[in-house]
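Participant: Residue numbers (this note's numbering), protein chains in the order written: chain G, 1 to 579; chain R, 580 to 1263.
Misleading hints may appear alongside valid ones.
Listed next, with one range per pair, are the computed distances between beta-carbon atoms [unchecked claim]:
{"id": "1", "chain 1": "R", "residue 1": "Glu1102", "chain 2": "G", "residue 2": "Thr372", "range": "50 to 58 Å"}
{"id": "2", "chain 1": "R", "residue 1": "Ala708", "chain 2": "G", "residue 2": "Ser542", "range": "45 to 53 Å"}
{"id": "3", "chain 1": "G", "residue 1": "Thr351", "chain 2": "R", "residue 2": "Ala799", "range": "53 to 61 Å"}
{"id": "4", "chain 1": "R", "residue 1": "Arg855", "chain 2": "G", "residue 2": "Arg376", "range": "14 to 22 Å"}
{"id": "5", "chain 1": "G", "residue 1": "Glu36", "chain 2": "R", "residue 2": "Ser1074", "range": "18 to 26 Å"}
Cross-link-like lysine-lysine pairs, in silico, DSS-like; alpha carbons within 25 Å at most [to be verified]:
{"id": "6", "chain 1": "R", "residue 1": "Lys687", "chain 2": "G", "residue 2": "Lys353"}
{"id": "7", "chain 1": "G", "residue 1": "Lys411", "chain 2": "R", "residue 2": "Lys1010"}
{"id": "8", "chain 1": "R", "residue 1": "Lys654", "chain 2": "G", "residue 2": "Lys411"}
{"id": "9", "chain 1": "R", "residue 1": "Lys610", "chain 2": "R", "residue 2": "Lys802"}
{"id": "10", "chain 1": "R", "residue 1": "Lys795", "chain 2": "G", "residue 2": "Lys395"}
{"id": "11", "chain 1": "R", "residue 1": "Lys852", "chain 2": "G", "residue 2": "Lys194"}
{"id": "12", "chain 1": "R", "residue 1": "Lys687", "chain 2": "R", "residue 2": "Lys852"}
Hints in this document: simulated from the structure, not taken from any laboratory. Don't be surprised by glycine CBs; every beta carbon is placed ideally from N, CA and C.
Read off the chains here:
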Amino acid sequence: MANPITIEIIRNAFISAAEEMNASLARSAYSPIIYEMKDCSVGIFNKETALLGQSAGLPIFLGNLDHCIKLTTESIGGQRKYKSGDLYILNDSYLTGTHLNDITTISPIFHDGELVGFSATRAHWIDVGAKDPGYPMDATEIYQEGIRIPPLKLYDGGTPRQDVIQMLTINSRFKEAALGDLGAQIAACRTGEKRLQEIIRRFGLKTVNEAIDDIFAQSAVMDRDVITRIPDGGYEAEGCLDNDGHGDDPVNVKVKVYIQGENMTIDLTGSSPQQQGQTNCGLAQTISACRVAFKELVNPHTPVTGGNFRNLEVITPEGTIFNATEPAACGWYFSALGLLIDLVVKALSPTIKDLSAAAHYGDSMVITFAGTEPNRHTPFLSVEATAGGWGGFAKADGQNALINNVNGDFKNMPIEVFETKYPVKVTTYALRQDSGGAGAHRGGTGVVRGYQLRTDRSWLYLWFERYKTPAWGLFGGKDGAKPKVTVCIPNGETVDMLKVNARPLTRDTVVIAYTGGGGGFGHPFDRDPHHVLEDVLHGYVSLEAAKSDYGVIIREGTFEVDEEETLKCRTSSHNDCVL
Amino acid sequence: MRNIRLAIDIGGTFTDLVLYDIQAQSYETKKVLTTPENPAIGVLDGMEESVGQFEKIDYFVHGTTAGLNAFLERKGARVALIVTEGFRDIYEIGRANRSDMYSIQYRKPSPLVARGDVYEVRERILADANIELALEPSEILQLVDELIRKDYQSVVVSLLHAYKNPVHELAIKHVFERTAPQMSLSLSHQVAREWREYERTSTAVINGYIAPIVEKYLAALEKETALRGLNGNIFIMQSNGGVMTSNLAKRHPIQTLLSGPVGGAIGGIRLSKLTRDENLICVDMGGTSFDVSLVVDGKPDVTAETQLEGFPIMTPMVNIHTIGAGGGSIAWLEGGGLRVGPRSAGADPGPACYGRGGQEPTVTDANLVLNRIDSDGFLGGNMKLDQAAAHRAIQNIAEEIGLDVIQTAEGICDIANAKMADAIRTLTVRKGIDPRDFALVAFGGAGPMHAVFIADLLDIRRVIIPSAAGVFSAWGMLQTDIRHDAVRTFYHSVSDVDFGQMACIYEEMKVEIIEILNYQNIESDKMAFFRTADLRYVGQEYTVNVPYESVNMEESSIQALIRRFHDMHLNIYGHNNPVGDVEFVNLRTIGYGALTTYSSEDTVADREYHRGETQSSPETRLVKSVIFHETAVATEVFSSGMLQSGHMLKGPVIIEDEGSTTVVPPGYSIIVDHYGNLDIQKEG
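Extracted from the complex, chain R is given alone in its bound form:
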């Protein structure tokens, strides 16, 4: 009986599992230790423990960090890059800009491909797609021989104007298929079919750099799960917020880059439907970083281009803004003033209270001194904390600034909270939105500890702490459909558009997507397509991605598209120019393949969301004295396991679970919802 839907998300410490029993319509969660040397072991262990018989699995979705870790730790493949003759250094030169303004000792991120591994081929395609210099097949044959001899693991081909005319990239592919079919090959026009040679090359290089690693990991996982009886596909979470089959993921490894981190943002989408709050600011605060993602009008904030570690990536990704602040942020002195972060004690040595040799005071130490966390309740009591060490660390700095230890500890938290609130406010100004129209969703180890304080600084009245905040990402993954994005650069003024040509391009993208959905066994009645266009005023650099809603391709639909562009421009940038010249830059199509009906219809459990009706009162673990606003306040402490749907609590209160601790100061009330999410509202 295949009645289990399973999601598995790999984190730094734990691998999280969420199971949904289709008959019982109930969820179950599980955490097992991550096995960094081979993460598949942790995944298989977790599956054995929680599901037992693999035959029972109806649907299995997985967030993998294989590609991201290879990229971040610089443990990717040895890549050869093939470029157009005369343009050997497009990848190394990049755009020649630098973010660091005053350093005369600035260093660029070091490239993933060394200059010596870049090979030029004689060919040239022009901006109008004409071939000026044709590729010589014999030259390619020779080059392929050389690359095989030199033992490269992966080859990336990025030729000028290949987004417009890919014929030479394809010709090189054919040579590889004949002579070295086993070679991992990334063609720039297949990875990101957009203009701008550096950005496209960078994207293709990252694809090639992680491809062999992702492929090896997924192949092993497919093999092992099949041996244990798994029928059907493994689905992989993609950076764009959808899923794809692992077979396809091996062909598009770059789409797995944010497979892990994106889960939280996707969980936010589902939460926005359940809580009827369409606008969410999701914050994931761990030991070293503070990630912010947005849900606006119930939709994920997906960007067509992003930067990771200084490298541009031109494939659609859920926007995740990282700010250097976390539980491990260090408090220190500079010019006699107190600073918090961005330096972090990280996991090793970690905060002073971890007792691993850290001497400097951190935000976590401050929370401990304020008694907001304690040794018995931190991470479900699984991690012992050294109260005295935290006290000592903070005392050292307290003496220097002339405050007592408690004032200093609360001050460290206040500064960290204010910085995070400042960062969120700046982000919302940039996006043209008002944080007061949003609810704050907090997860990650340190998020729930700070969320209510941050919300207060932003005048946000509602805070939601998802149940078992640690498995929130995995829970989100269960709710998504297959997604595939296609793009074509289409640089035309709106006044001289050839409708036939435009219709052809959209059709071509649709065919591409249908092929990919078919490949993943999606039937045509389960497919949905959305067309968009990137438009801008002539002379601008940035584009606005505008939905193309009309079915037909004619003058009136183009006019509607342009009107929509003017409106959106006003909304996003605060002004528009209804008589200004508008041009197309890219055409895009998003294809979805619906996996089941679960994602579109509420389950019974979902419908029960607001109907928790327990009459009982939860049992307190203890009542302890916690500092709020320099005053010790008697505060009840609960374990999340003791809470039931419908329980109502009032701040000050602390709720602990094995992944995080939620701190709620006075002046807030809390309702526990059907999923065990904490729905926190400001009173009055």
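Chain G on its own, in the form it takes in the complex:
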């Protein structure tokens, strides 16, 4: 067995090697969605495709590259087909699990002529030749979403296959970007390759392999310790997406979590069959989402290795939204997964109150404007995700205005940049009063963001979710507010809508997006009246809601808590104060 000191140095070296891969990818990527939005993921694996170190840009990309390596190995006819310097590429949704824009590269790593591991990257290309630029909102088949790439050899023993590279990049509306981003992914794979080889040279393959066993054992012990503390049993929760972008039928997500000793099983049986719209995903990404849910509850701050998730099993029948088959469209694969992650926490919350949190506002809430710039007559395209409220938890209120959980370090676009680049004026950007679910620990508030169109030719695209399943409260806490988007036409007419594809807008139309708040945690009457007063003074909660939701009577004018009336209101069996 390797010495514990060496094991720890090797463990840190793996983490650092993955960080370097990520740095190398971000440094040379061409598209901001990779280096700024971090829509990417990298990892180093051993020969058995178990994860040694990873650096995931987005939470949703947790641990899904191992599966792609296995499928690639199978597809080429076994590991003996790999040569040093080879590099493979794939993006097929049913293999990688995500949408076609996410391109995966895999490079086998050799040491002294022997296969010792793999490095892999995944990064979002801005365009892979779908029917609309970027990716559409109303596709009904994967063939409308872009070019499909099965595991394909891109480098043959260190020599690039230029014809294949051309074939792939020619399918993008932005060839330069595609080529630049591919180059960055290759560079990152090579960095991982080099670093693993250096680690093996320094410590010896035998020592490294022994250390890996021990590192995995440490991860497994830590996972099991947490799960063992949860009482055995079956825990359930369910919810739905509003629809799949076609019609108004809900898309159901059903989660059953079984805890047995040190093992957790997440069973998604009963979730909707695969849909005509784009709310489907491949199995690999569903497993990844279940791992995210697991990770949120089990040591969220510890680096992930191949020893993790050994006690997690995922059951999801084929032909459902979570295990889609040809020709299901997968463009908006993450909406159902975000809900799935939140539902696992909800299902288990009664047993792990301290680790849990009420639900957050739920989805990316994407608003897109396309059109023609009035002065230069050039086309423009703006795609934005919108922030919302997060759920309260045992120790604190939920946060106001954060990006949704699967999107991590995604940033909103500064208004000053937005208004300079696009013929759109932002009319307001503020927190949405009373949108946080009431609770002993209040849910965070959503936001209000308004836009006024300053061009004659433009179209609106919306993908807003969670109207039917707004952020739920826990332990007596109330739900957060639902999302809403209002389109105010200059003739005075207003229309509310949540999803729309290419709706034409006239000049001076105002679009106002209201995102949902987070759920409350604990009964609102258990909130300290002085905290409620503070919320009122800061404007997070209105005077009326202080009374109706929290049972706190605040004297108008002096802004003092009327202790006597508050007590009366909170203890009254009829809750008369509730309006």
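Given chain G, work out where chain R should sit, using these hints.
Facilitator: Quick look at chain R alone, frame taken from chain G:
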């Protein structure tokens, strides 16, 4: 006779002084205890003790921590923030991103201004600088009355597109000047004239938050030093690596934020000139943190934007990368594996060997068990260490992992060293540089203890330990000039640039800088200006800051600028696109005001750098048995005071001074240079 140049740097424990005697061309250093409740007392005490007559001071430069401490300890002013109506929450919302990926209990850093202290005014300026809704003066008058009534100490104004058209921010300023001239006022366009409303607001808020504190501290220091006979200005170290007069510092408090920490990086610049090594990795390792800064081609690594405690700051600052590792990093077990850091015992209770109740083993305890430090030599013998406590703490963990105490102690150091080396390597990959082309400079209490081991892991062959590593920052401050940065957002494609407009903007910035240099009594022949532009490919977010070297503003100079951009992009990012569309984002001008000729010409002492010629051998304090690679090796121990220029030593060797202990394993040779710096080279 004014013949003393003096630098004073305030640290957590000590206030460091470095004096340069202009006639004798010699340096002298001094340490006095820091007086945290009022740091000016320590400064004045130190000046009394070391200089005596304040009249003798020709030049006085100071690194203040007043602003930084107020910010870090959340003891700043009560600030009111004025914003454009409809945009009350720009500051609280920020960019809505989070760094912590898997926590469903994530919390943002809590804002420096509460929502209830944000006030909206009816006005709107558009992206093209046009006024859509004009400010109503009577509304501002009312608001000013309200803010005075509510007793705010500081007011920050940050209106949309003020970087482009500041007229409304200025109008609000005029109202304050008439009705409340004593109010500390920060206008976003004056603090950071760049687009991106959240970042600019955050910068202005920090400015307003620390302004009254910095002003009070500097005013007191000015008054007290003048009373004692100081003639002339006090110069304050700035975050951007230059200095400014304290009068100006009161107007630009945000520039003092890294006034203290930046000294070390600036010392690196001077050292790079003396040692003829233009590329340095400077590491400052103390009890809880490990700060890395870079000197590339003899220049400081200055960034236009940085983050502190989760808040963006959009003013030029020397880049300091902080990693959570230090002498106080705790060794602990997780899942049966040994971990070191990032948890730290800090200064209180501190490592087990400090004897203040710390039970957990730390890196410092490990160094003590290995005999690399000892009770008689640590901090010049001023701090007694409890050997038995360190041994006990490490033994507890050693038993759990099945190693002996010595193996565990060395293992703790090895893990800490490997983590620091990993962090430096990742940083260099991100910057597109190779650590093997650099020398490592180490200072801070724990830096010299670990430097050679870290360098070895990075294949770095040369390590420099500055003499009296503790006063290194103060020494660096003596060598800098006045600097002022100006910026204007200039969002244009390179293909449709109006040269006249561009020339106007550069001229406007130059006028701004000249005014500021004049204010600091710099004559025009001592001024120098450098123009740069932030460029990027259309569609990119990040920009590359490219020097604009041509004097004229014409087609050919723009073409040269673009070629330079393509080259730099290739260098930094590993690829470029010579046919891609390029756009301007910002224009910048850096102005320098030369203070004396000392900073540009070598002094006699500097010229003597490589000429130490002592024939003597230094006297050892003792020879002790120290563990290297699990083996006890007889190791000579020296006090730095006994070393002279030209002394040559061979590892294994330990050199102690009152601020730090340098540990050199076998396989390295050391030359003591003219300043007492240790120049350590790998043999073979």
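Participant: Now tell me, hint by hint, if it's right for this structure.
Facilitator: These are the hints, each one checked on the structure:
1. Glu1102/R - Thr372/G: 50 to 58 Å: Taking Cβ atoms as reference, glutamate 1102/R and threonine 372/G lie about 55 Å apart, which means the hint holds.
2. Ala708/R - Ser542/G: 45 to 53 Å: Between alanine 708/R and serine 542/G, where Cβ atoms are some 37 Å apart, the hint is violated.
3. Thr351/G - Ala799/R: 53 to 61 Å: holds, 58 Å
4. Arg855/R - Arg376/G: 14 to 22 Å: 53 Å Cβ-Cβ, so the 14 to 22 Å window is violated.
5. Glu36/G - Ser1074/R: 18 to 26 Å: Holds, at about 24 Å.
6. Lys687/R - Lys353/G: holds, 22 Å
7. Lys411/G - Lys1010/R: Roughly 23 Å separates the two Cα atoms, so the pair holds.
8. Lys654/R - Lys411/G: Roughly 29 Å separates the two Cα atoms, so the pair is violated.
9. Lys610/R - Lys802/R: Judged against 25 Å, a Cα distance of about 23 Å means the pair holds.
10. Lys795/R - Lys395/G: violated, 38 Å
11. Lys852/R - Lys194/G: violated, 35 Å
12. Lys687/R - Lys852/R: Distance of about 42 Å is beyond 25 Å: violated.
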